[in-house]
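As given, the protein sequences belong to chains A and U, one line each in that order. Per full-length UniProt numbering, numbering through the first sequence is continuous, rising by one, with the last residue being 200. Per full-length UniProt numbering, numbering through the second sequence is continuous, rising by one, with the last residue being 137.
Treat the hints with care, as some may be off.
[As the list claims (entries may be wrong)] No farther apart than 30 Å at their CA atoms in a straight line, the calculated lysine-lysine pairs in the DSSO-like style are these:
{"id": "1", "chain 1": "U", "residue 1": "LYS107", "chain 2": "A", "residue 2": "LYS59"}
{"id": "2", "chain 1": "U", "residue 1": "LYS128", "chain 2": "U", "residue 2": "LYS10"}
{"id": "3", "chain 1": "U", "residue 1": "LYS128", "chain 2": "U", "residue 2": "LYS26"}
{"id": "4", "chain 1": "U", "residue 1": "LYS107", "chain 2": "A", "residue 2": "LYS106"}
{"id": "5", "chain 1": "U", "residue 1": "LYS10", "chain 2": "A", "residue 2": "LYS48"}
{"id": "6", "chain 1": "A", "residue 1": "LYS195", "chain 2": "A", "residue 2": "LYS113"}
{"id": "7", "chain 1": "U", "residue 1": "LYS26", "chain 2": "A", "residue 2": "LYS132"}
[To be verified] Quick partial rundown of chain U residues pointing at chain A, CB under 10 Å, derived from the structure:
{"id": "8", "residue": "PHE39"}
{"id": "9", "residue": "GLY41"}
{"id": "10", "residue": "ASP103"}
{"id": "11", "residue": "PHE104"}
{"id": "12", "residue": "ASN108"}
{"id": "13", "residue": "TYR111"}
{"id": "14", "residue": "LEU121"}
{"id": "15", "residue": "PHE122"}
{"id": "16", "residue": "ASP123"}
It is worth saying that the hints were derived from the structure and are not from the lab. Quantities reported herein were computed from a predicted structural model and do not represent experimental measurements. Quick reminder that beta carbons are idealized off the backbone N, C-alpha and C, glycines included.
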Amino acid sequence: MSQSTARPSSSLRRPAILERNLSKGRSNEVSVAAYAFLFAEMLSYATKKSSGIQDMEKKLSDFGYRVGIRFLELIVFRERPGRRDTRLLNVLSFIHSTIWKTLFGKVADALEKGTENEDEYMISDNEPNITKFIAVPREMSQLSCGAFIGGVVEAVLDGCGFPARVSAHSTATDQFPLRTTILMKFDKTVLQRDKTFEAR
Amino acid sequence: MLHAILIINKAGGLIYNRDFTEGLAKLTSNEYLVMAGTFHGVHAITSRISPVSPSSGMEVLETDTFKIFCFQTLTGVKFLLITDPSQANVDVPSRRVYELYADFVMKNPFYNPEMPIRIDLFDANVQKLVRQLNAAG
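Could you build all of it, start to finish, from the sequences and the hints given here?
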């Protein structure tokens, strides 16, 4: 607010973010460097405030959850007003394509069904934008910074009415050392409901 | 042909060194530290004795078997590139290394500024860059 009152004559300037139209934001991009520094700061905050690696991942996932729950609202408004997915696969592909594209500018690299358990699904990203510059030191090798993305996904699933336990794992390959997989383990009510839909 | 890269922090401490050519005479790690400190001092002197100030200080050290190019950033970090004597300039390589430093060292939350750089991702990217540059001639 203070910005816009300080410079009333600059009509050519872009309006402040709170005054912009919600629906006209598709090409809004943020600098990767600014984001990388912000995320680095979030990580060191999490390191300082937590007792162990699990605790730290929990913190990151909580950060992500707060982003996801707000982001879902915005993206549903922008991309698919008046529509709500009720089937599991539709929601998964919504995350895999729409959410990923809006957040990271690209579609996620893989969407798979878990081979061992029926209720598990996985989304993989070969080079997540947010952890592009982060090399986890050896003594913390279990840490997956993708926990943040996991938090976002968990919030979106919760918000859509598909509660799941979400965790992030590094699944590095020689070609993609930063590859991260988000594992979603769905609540059994979700699968039951999906079966009921199928029977109809 | 790029033989080695050294990075010196603003206090004159060596924070990174890597050789890329096999079969060259090597210094011990202690000698590397001494060399970095000495270079830092000499660089400071050369910038002070310049008749026309302000001066950037020494930029190239040339011998009949090698050249050392020094690229100093605005923040006082020095990148030393040791090359063949036939190398004319290293404007592009030094900027690319600086870019990698900015990306993979400074944006890494686990790195403490001014401390030695032990980051796998930075190492891998520097190797890749040098391979590219040396292959291109």
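Right, here's what the structure says about each hint:
1. LYS107/U - LYS59/A: 20 Å, holds
2. LYS128/U - LYS10/U: Given that 30 Å is the threshold and the Cα spacing comes to 26 Å, the pair holds.
3. LYS128/U - LYS26/U: Holds - the C-alpha atoms of LYS26/U and LYS128/U are around 22 Å apart, at most 30 Å.
4. LYS107/U - LYS106/A: Holds, at roughly 22 Å.
5. LYS10/U - LYS48/A: Holds, at about 27 Å.
6. LYS195/A - LYS113/A: Answer holds: LYS195/A to LYS113/A is near 16 Å, not above 30 Å.
7. LYS26/U - LYS132/A: This hinted pair is violated, its Cα atoms lying about 33 Å apart.
8. PHE39: 28 Å, violated
9. GLY41: 32 Å, violated
10. ASP103: 5 Å, holds
11. PHE104: With a closest approach of 6 Å, the PHE104/U hint holds.
12. ASN108: 6 Å, holds
13. TYR111: 9 Å, holds
14. LEU121: 4 Å, holds
15. PHE122: 7 Å, holds
16. ASP123: 9 Å, holds
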